Structure formats: structure tokens, C-alpha cells
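Colleague: This is what each chain is made of:
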Amino acid sequence: MPTKCSMKLLLNYLCNLFRSFNCSMATTTGLESLVDQIISVITNDGRNIVGVLKGFDQATNIILDESHERVFSTKEGVQQHVLGLYIIRGDNIGVIGELDEELDASLDFSKLRAHPLKPVVH
Amino acid sequence: MLFFSYFKDLVGQEVTVELKNDLAIRGTLHSVDQYLNIKLENTRVVDQDKFPHMLSVRNCFIRGSVVRYVQLPPDGVDVDLLHDAARREARGA
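Chains as they are written, first to last, in the UniProt record's numbering: chain R, 1 to 122; chain E, 1 to 93.
Everything labelled a hint here was simulated from the structure, so no lab data went into it.
As the structure is a prediction and not an experimental result, all values here were calculated from the model.
Treat each hint with caution, since some may be false.
Reference listing, derived: stretches of chain E covered by chain R, where coverage requires no fewer than 3 residues with Cβ under 8 Å from a Cβ of chain R [to be verified]:
| # | segment |
| --- | --- |
| 1 | 33-44 |
| 2 | 48-60 |
| 3 | 63-72 |
| 4 | 76-85 |
Where is the CB? At the ideal position from N, CA and C, for every residue including glycine.
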């Protein structure tokens, strides 16, 4: 049963892991600028997960803290499912967006109707 | 390597990235890396009514593996230069 202490250790280890990678390429996109920011992740199965980026690595695996999933539907408003501390594997990630909190606060989720995103087809 | 170099020269241009899940994102090309992951600034989704999922996102990182097309301004491309470079690359490989 993972304790809160061991989860914090895991978080620290993984955060240090990304810092030890040296960037040799001239243009490295890197997610470093997004660490500790609230981000919106679109996964390959069409899910939208929002949380705080805690760490990442070269394979774009990410650690997301305080995360919740936003479920869009055409029949009812946006639902939010709380998830907590997550590691999302890089090969399942499509887009990582920097969430603008002001813009986000101005949205009325109960009124939004949309089809869920399609899954990624290679 | 060729397309990595090519995209590095395109930094600053307005592009539209169409993804493999049919989502299309327009923005200014901020940076690119060896995996052709793309970072866009000032982003807006092309069909905002159909895809409200990213309404509050203004800057994003797009994983290279999920890109279907990168739509470029027609005058932003030197086709002859690209053609030459591609020919050289093909010969080398």
C-alpha cells in the first residue's frame, strides 16, 4: 500500500531524473517551461486531463499532480473526475497545453456541449 | 535531420498543425526538436465550436508522433531549396 511518504519520494526521484538529462540539440522543445504550471493533456484515446506538471522525460512520460479528467458530452455539461497524482506514459500523449487560468475561469462548463475527441489513428 | 533543420528555419511563422485525431491547431511556430515535437504559441483551435476542449490553452506542445500535417504559408517555403536538399539527402542515405 503506497504511503504518502513513498509517493513523495517517487515524485522527487522522477523530477530529478528529468533534470539530469542534458540537452545537446540546438533546439530542444522541452517541457521545462511548463513544470509547476497547470496543463491540459490530450491523450491518444481522446481524453482531456488537467493537472500540474511535476516532471517529464525525453520520452514525454509525464507526472501530473492534482489531476482531473474533463469529460465532454453532447447531452450534458462538462464533468470533472478527480484523479490525483498520475504518471502518463509518453506514447499515449498527443498534446500538452499550457492552461490559462483566467481564461479557464471565465468558461461556463455546465453550458459546454461537444462530442468527445476522437482517438488518434496512426 | 532534413525536416528538423527545415522546421528550425520556419520558427516564427504561422502554421496550422493537423493531428491524427482530426484536431487542427493554428499558431506561431515557437520551437521544434529532433523528434519533430512542435511547440506553438498564440494557439487557437481551427473549429472552436466543434473542439472546445482547448479553449483556455494559448501555448501548447504537440508530440511529433501525433502530427498528420503541418500546413505552411505558401510563400514561406523555398520549394527549390527544399527539393535540392531532399535530393542530396536521398543520395546520401
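Colleague: The structure should be examined with respect to each hint, and the outcome stated for every one.
Modeller: Evaluated hints:
Proximity of the segment 33-44 of chain E to chain R, defined as three or more residues with a beta carbon under 8 Å from a beta carbon of that chain, is established by the 6 residues found. Taking a C-beta to C-beta cut-off of 8 Å, the segment 48-60 of chain E contributes 11 residues in contact with chain R, enough for the three needed, and the coverage statement holds. Figure legend: the segment 63-72 of chain E, annotated as covered by chain R; annotation consistent (3 residues with Cβ-Cβ distances under 8 Å, at least 3 required). Proximity of the segment 76-85 of chain E to chain R, defined as three or more residues with a beta carbon under 8 Å from a beta carbon of that chain, is not established by the 0 residues found.
Consistency with the previously given hints fails for number 4 only.
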